[in-house]
Structure formats: C-alpha cells, structure tokens
Amino acid sequence: MQTDRGVTAEKEFQPKIIAFCCNWCSYAGADLAGSGRLSYSADVKIIRVPCSCRINPMFILRAFQKGADGVILAGCHPGDCHYSTGNYFTRRRMTLLFSMLDYMGIEKERTRVEWISAAEGAKFSATMNEFAGEIKKLGRSKRLGDLRCR
Amino acid sequence: MQMIAEKIKEKIKELTENGKISRVMGWKKGLYGYDSEPFVFENGDLRDFTYDAFSGANLCKYMIAQSKNDGDGKILVLLKPCDTWGFELLDKEHRIKRENIYALGIPCGGMVDIEKIKKSGVKGITEISEKEDTLILKTMYGEKEVNKKDYLLDKCLVCSSKEYKDCDELFMTDLCGDTAEYDRFEEVEKLEKLSSSEKFEFWRSQLEKCIRCNACRNVCPACSCVKCVFDNDNSGVAAKANANDFEENLFHIIRAFHVCGRCVDCGECSRVCPQNIPLHLLNRKYIKDIKELYGDEDEAALLTFTTEDKEPSVVYERGKNNV
Ligand code: SF4
Ligand code: SF4
Chain A
1 MQTDRGVTAE KEFQPKIIAF CCNWCSYAGA DLAGSGRLSY SADVKIIRVP CSCRINPMFI
61 LRAFQKGADG VILAGCHPGD CHYSTGNYFT RRRMTLLFSM LDYMGIEKER TRVEWISAAE
121 GAKFSATMNE FAGEIKKLGR SKRLGDLRCR
Chain B
1 MQMIAEKIKE KIKELTENGK ISRVMGWKKG LYGYDSEPFV FENGDLRDFT YDAFSGANLC
61 KYMIAQSKND GDGKILVLLK PCDTWGFELL DKEHRIKREN IYALGIPCGG MVDIEKIKKS
121 GVKGITEISE KEDTLILKTM YGEKEVNKKD YLLDKCLVCS SKEYKDCDEL FMTDLCGDTA
181 EYDRFEEVEK LEKLSSSEKF EFWRSQLEKC IRCNACRNVC PACSCVKCVF DNDNSGVAAK
241 ANANDFEENL FHIIRAFHVC GRCVDCGECS RVCPQNIPLH LLNRKYIKDI KELYGDEDEA
301 ALLTFTTEDK EPSVVYERGK NNV
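Order-wise, the sequence lines are chains A and B. The working numbering applies: residue 1 is where the first sequence begins, and numbers increase by one. The working numbering applies: residue 1 is where the second sequence begins, and numbers increase by one.
Chain B with its partners taken away, still in its complex shape (with noise of 0.2 Å):
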C-alpha cells in the first residue's frame, strides 16, 4: 500500500504541474496510522497525504460542496470501486459539477475495520503499519502482526466487482486484490426465514441502539437532499434523538426507503454508524426486492413502473409459510 501511495502522489505532483488540477480530495494522516480521515490537500502540500488499509472513508460525496465554484479550478477526488458507484449516481442525479472534478480511480485490495482489530481483544494501539498483507500493530504491551484479510471491513466481504465507473483516469487499477468471500444477500435471506416475532425482535436490539447522530444519512452518496425531511422541523421528529420505539422505526424505514432503488450498495452507512447497526441489511433487502420483483432496470425503481407489475398483495403470498 506504501508503494501504491507513494505512485499516487507522483501521479498528483504530474497532474497539478500540468496545470490539470488545484485541489486534491484525499485522505490525511491520524495520529495513531488507523485513523486515517477525508482531507482537501491544497497548494501542492501532500506531507499528510496517505493511502492505507484505513482509508475506508468513500469521498464521493464532499464533491457536492467540493465542486461547487467555478472559480475554484478542477479538484482531483480518488475513488476505489466501489466509491465510484456513488459517484456516478451523483453524477447521473446532477449533485456535483462533473466539469470542475477530475476523478481518478485507484486500486484497493480492501480496507481494514479497526473495530473489528479491537474487537478482537488488541489494546493500546499506538501505530500502525503495513507490509503487503501483514498489518504490524504497536502497542502499549508490544508488538502484533495480523492478517489485513481477517479484518476486513464487511463491506469488503461482499465486494461485488472491482469495476470503475464514471472515472477520467484509472491509475494502476489492475492491482485490484479480490477480497469478497460471500453473497451479498446471505444475512438479508437468513433474515427473512425468520418468524415475525423474530424479526422483529432482531430489529429492535439493534435500533434501539440508534442515537439519531445522522451519521447514515449524511455520508449516504444516494441521500443528498439539499433538504432531508429529518431536517423539517415540523415533521417531528427533526435534528433530535428518537423518542422511542416508534420514532427509530419511523427513522430507519424512511431513510432506506428515500434511498430505495437509487442505493449503490456502498456500505458507507453501516461503516459509519457509530452503534454498529446493520444498515445495510435494509437497504440490501430493497435491492433483493427489486431484483425478485422488477428485474435489473437501468432506471431507479421507484422513478418507473411497467403496467404487468406485481400486486402489493405478493408481500402476504410470499410470506404465508413463515408467520
């Protein structure tokens, strides 16, 4: 990853000396080497610049505000594969300023869930470092090497296809490592088998645990509303913590279904969610869905329909043999 980093960043200095970009949407340095975050790099100052196992973060979205201003030159914005999904769609949605955005596509062999590191039971982590697949881990009681591969972030196991979209350039794309190791639909199928009650004990452990941080939404490529609902003030249920089991509900159900058929199946939403809640398994459920029901069509489900649809009745049908 060093190496790739390092590549990146000559790549960088070539293109702003050509005069083809001003600005470069990257990742930054963290203190610790595990928490790397989204940074505008400006005027040619790469010193923090990184590309590592923790750059998880998808920078799609800061491109609304970021290539906003006409003024302001081309911003360069790095996109592994996945990243590049949303940001076709914000494309295609007519959110950012494709002109003022120079998108590179960038390998990524997949990225690293320090929770899961920490999870496992790794205290004090003072640094990180990366040697091809070993991730060595410093800490306050001594040295660690891991397999990057046993930690992966979720949304990584279920890579579907290491295709770029949308991008001007692909840089050294070809060293694209396959990290998926099972079927997207899995958990949402086990999901369904379950009885009601089941269910919906399930969904309360786990929205119960939602502050309402708004997390989800915001780094959501297919939420980008100028103005959200859950920002009306007169809806109720605005810029404040869910009030109880309804509210969460009311919450989870409308925001997947905002993002219903647009949904790239980023993960970003569960990544971010500071309560660990499996966002993605609604979202996933509404792609299962549309795909049972409606087939793969190029347009948003929801913004077309054919006149031979299923009745909304298949929902009773289908479930009649688990109550």
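One chain only, chain A, in its complex shape (with noise of 0.2 Å):
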C-alpha cells in the first residue's frame, strides 16, 4: 500500500469481530471495563442482547454472512441469569451448534461462549483482547461468510 510518506506497507488484517453481550451482567462488565479505563480490541463490535438466549444461531450465522470473522457470546455465569435459566439453554444450544460447525469444516476457533458478570470488566477487556488476537491470527474467515457482504 503506498502510505502518504510514499514507504510501501502491507495493509494490516483488522478482523471485524461481533461480541452478543447480555444486558446484565456481560453489556455491563464492557461498562465497567469502559469506567476503569481498562482497554479492549476496538475490532469487536458489542450487540446488547436482553440474555445470552435470546441469540439464535441465524444471528450468529448472519455476522458471519455480513462479514464477522469472529463471534463470541458472553453471559452472565451459570447459575446467575437474570432470568434464571436462559444461559443454561444457551449452553446447550451453542455447544450443539459450535459442535455442528466444527464437524462442517469451519473453523472451530471463530466462536466461543464465555461467561462474564457485571463485577468482571478486567475479565472483560482480556477475554476480548485474547478473541481479537486469536482471529486476527486466523485471518479473514472464507468458509463461512457472503462475498457479495465484504
């Protein structure tokens, strides 16, 4: 790429990340996150949810589709849903389905569940920093995605 100072630069990947946070407990660990100024990937966009169950794998399926190269869900622990017991569906529904697309051939790496509560905004930005670096390695995802999208 021919810069303004006229040196020749590779383009850096910047992978397009989507992170389904819910309301309670995830959405505000990036809150808390945000106020003590911990830093995380700017690659990762965050869709708040009401709970980590209300994600259907077409949500999960159309970021991929519009251009994601990374999902990830994060809840609030087990046992700690606002609603009692929608992460625990959302478990077994992710696992089912990350399973389903590993067996596919997509690349196992590009989803991931992790549980973060409201008092975890440190577990937040690291968990987030790690998921930005792990896809960035990975590169562009072209198993799973609409080029007519990119």
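A couple of the hints might just be wrong.
[Said to hold, decoys possible] Derived EDC-like pairs: lysine to aspartate or glutamate, alpha-carbon spacing no greater than 16 Å straight-line:
{"no.": "1", "chain 1": "A", "residue 1": "K108", "chain 2": "B", "residue 2": "E311"}
{"no.": "2", "chain 1": "A", "residue 1": "K108", "chain 2": "B", "residue 2": "E198"}
{"no.": "3", "chain 1": "A", "residue 1": "K142", "chain 2": "B", "residue 2": "E201"}
{"no.": "4", "chain 1": "B", "residue 1": "K149", "chain 2": "B", "residue 2": "D133"}
{"no.": "5", "chain 1": "A", "residue 1": "K66", "chain 2": "B", "residue 2": "E247"}
{"no.": "6", "chain 1": "A", "residue 1": "K108", "chain 2": "B", "residue 2": "D133"}
{"no.": "7", "chain 1": "A", "residue 1": "K142", "chain 2": "B", "residue 2": "E198"}
[Claimed, not checked] So these bits of chain B aren't anywhere near chain A, every CB distance computed over 10 Å:
{"no.": "8", "residue": "K13"}
{"no.": "9", "residue": "G30"}
{"no.": "10", "residue": "F49"}
{"no.": "11", "residue": "A65"}
{"no.": "12", "residue": "K74"}
{"no.": "13", "residue": "H94"}
{"no.": "14", "residue": "D133"}
{"no.": "15", "residue": "Y141"}
{"no.": "16", "residue": "K144"}
{"no.": "17", "residue": "E163"}
{"no.": "18", "residue": "F202"}
{"no.": "19", "residue": "D233"}
{"no.": "20", "residue": "D296"}
[As the list claims (entries may be wrong)] Which chain A residues face chain B? A few, computed with CB under 7 Å, are given here:
{"no.": "21", "residue": "Q65"}
{"no.": "22", "residue": "Y88"}
{"no.": "23", "residue": "F89"}
{"no.": "24", "residue": "R91"}
{"no.": "25", "residue": "R92"}
{"no.": "26", "residue": "M94"}
{"no.": "27", "residue": "M104"}
{"no.": "28", "residue": "G105"}
{"no.": "29", "residue": "K108"}
{"no.": "30", "residue": "E130"}
{"no.": "31", "residue": "G139"}
{"no.": "32", "residue": "R143"}
Honestly, the hints are just simulated from the structure, not real lab data. All residues carry an ideal CB built from backbone N, CA and C; glycine is no exception.
Two chains, two frames, some hints: make the complex.
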C-alpha cells in the first residue's frame, strides 16, 4: 500500500468481531471495563441482547454472512442469569451448534462463549483482547461468509 | 410382500365394515412398480393399493392435514416401525389430532432404493415384481432377477429396531425382517476424524448440489412448524434457490439445528433428496453429540438442561488432535 510517506507497507488485517453481550452481566462488564479505563480491541463490536439465550443460531450465521471473522457470546455465569435459566439453554445450544460448525469444517476457533459478570471488567477486556488476537491470527473468515457483503 | 399387502387389504375392509375408519392413508401403485406413492383411499376403493418393496415413504406427516377435521371420521394410517417414531413425535408435540387417527403397525423387511438399482446399470425398467427376497426386473432389454437385500435404502441398513410406538393395533408384525448391517454412527465417526479442511471440502461438495427444493424439510416429521423460517420473506432466504455457498450452509445448518434433539432418525430427509445429499449425516451428528454430552434423556435435548452441562469449550478440546 502506498502511504503518504511514500513507504510501501502491507495493509494490516483488521478483523471484524461481533460480541453479543447480555444486558445484565456482560454488557455491564463492558461498561465497567470502560469506566476502569481498561482497553479492549477496537475490532470488537458489541451488540447488546436481553439475555444470552436470546441469541438464535441465525444471528451468529448472519454475523458471519455480513463479514464477521469471529463471533463471541458473553452472558452471565451459569446460575446467575437474570431470567434464572436462560444461559443454561444457551450453553446447550451453542455447544451443539459449535460442534456442528466444526463438523462442517468451519474453524471452531471463530466462535466462543464466555461467562462474564457485571463485576468482571478486567475479564471482559482480557477475553476480548485474547479473542481478537486469535481471530487476527486466523485471518479472514473465508469458509463461512458472503462475498457480496464484503 | 404381496401376501402381506393382500392381508392388509382384508384388514382394511374389516375395519371399514366395522365403521372404525372412513379413509385409508396408504401407498398407491405407480406406473412401473417401483414408484408407489402416498395416497388417501376413500370410499373403500382399494384398487390401486399396494404395499411393496418401494413403499419406503413415511406416511405419518400427512396426518397433520388429514386428521384436522373432526367430521371426517377416522383415517387409518399404515406405519412401518421407523414411521411410528415420527408419528409418536407428532402426537407428543400435538401436531396431529390423535383421536381422528387409527394407527396400524405393519411389518417391514426393508425397503428398496430404486436409485441403487438404476446405478447398478439396469436400464429401461418397465415393471418390477417380487418373489420373497427376489426382485424380478422386467426391462426393455429383458428380464433380470436381483436380491432385494443388496439394494435396500440406506436408512434400512442402519435400522435400529423394529419397535412400534403409539399404534392402535399391530398387524402381523412378527413378520418383520432384520435389515441392519452397520452401526448408524459409523459414517459420522469417519467424518469426525477428517481434518477441518477435508470436512469443509466434503460438505462443500455435497451441499453445493442442493437445489433448495425444500423436500427434506417438507417430509420431516420433526419439521412441522406452521410457518417455517424458510418461508419468512424477511429472512432473505425464503422460497428461493441458494444464491451462494453461504446460503447453502445457512439452510443446512439451520434445518438440522431446528430438528436437533427431536430428529427421530427416520432417514426420510436423505431418501427424498433429489440430489442425494446425505442429510442424515448432519442430524446423526447431533444425535451422537447429544448422546455423548447429555446421555439419554426423555425430553428433547434443547428443551431442557442440567446445571452440570459441559461448557461449549468441549468442542475445542475434543477436536484438538485433528486440525
Ligand atoms: S431435499 Fe436435497 S436438494 Fe432439496 S432442499 Fe433438501 S438438501 Fe436441498
Ligand atoms: S431430520 Fe431427517 S431423519 Fe430426522 S426426523 Fe427429519 S426426516 Fe427424519
């Protein structure tokens, strides 16, 4: 790439990462990370959902279709769900869905579920940084995605 | 089989005369003897009734529409062992009006896959008849006899049991023949062992054949929503051919996921696919995962949970040794 200084440099790959965060825990965790001045990767785009269990497999596939390179779900710790049992359902659903993606040859590192409470700002930022790093290593999602949306 | 078909006809007549049933959901003879199809026989007219080696179609899903009207009297439905599993599911999920149905369990000794016969090089079939385990193929180029057992449907080769569920009556079911030849998870295991890119290649080569006819969805007893996501115009994937790789994947991942935990492994989806995509390999993967992760539960796996369930990260750990 030609930069204004006239130096040729490889354009760095900027992954697109979608983080579905539950309103009660992980989204508040992100807030806490913010107010605690803990930074996390700017590649992570947060989508707030009422509960991790609101996330339907379609959402995840859609994110990949529209160009996401990684999708992470963050919700309250099992047992702490604001709606009592939502995240237990999430856990089963996502385990089976991720296993299927893996079975179909889609890199399993591109999807992840993490439990992050409202008090865990540090965990939020560390998790997102680590996930973003991993996706960066994996590169662009080519196996699951719609070229027309790029 | 002919003998069984005749006996079933007699049974139907008897039930009709006793006023127990008003219609029959069965199979109708096709033009060539290998294309029998689901049909509702009314007014006691059983002229084209057949039950032969090509009656593989599962009739249970037709019961959703057929059992709706209370005024029509009872409809008799003929069910092979594997058909009854889907029937039980429809009943459990309140998709059918069970009180308007008379379910008759009938014997099955395995059903034949005409595609396999055609693939073996037999051309121009004009008629097929059966004599015990032999199929007599009349073709434009002469007659040929083949062993039925060599051409069974894939689903019959992994038949897991001849157990009948939710039937009102069992008829001659002691005549069931054993057809299972290998374990139903064998193929899934083979695929699991491949590397990620091999798996990807395999599924790409299969799914790219899909023409989105929706037959796999329509035939499935677990797929019985009144309005399906794939009929929702806002979804962007409704009622149209897949536009690209992504939409192919999307359709298949979601189709399999929506029946995950409820799929009865009847094998109908693969049987009806005009493109011969092994859809059962997707559903069976879920069945296998559920067995391994959650054990045998009575309830559909995704409708329940335990507080000790495994974390989604098991998927990564499990696959670590094959990249
Ligand atoms: S039956 Fe086969 S071709 Fe038709 S939509 Fe299903 S997988 Fe695609
Ligand atoms: S997904 Fe296939 S095997 Fe499972 S119940 Fe539906 S048609 Fe039968």
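Non-conforming hints, listed in increasing numerical order: 6, 18, 30, 31
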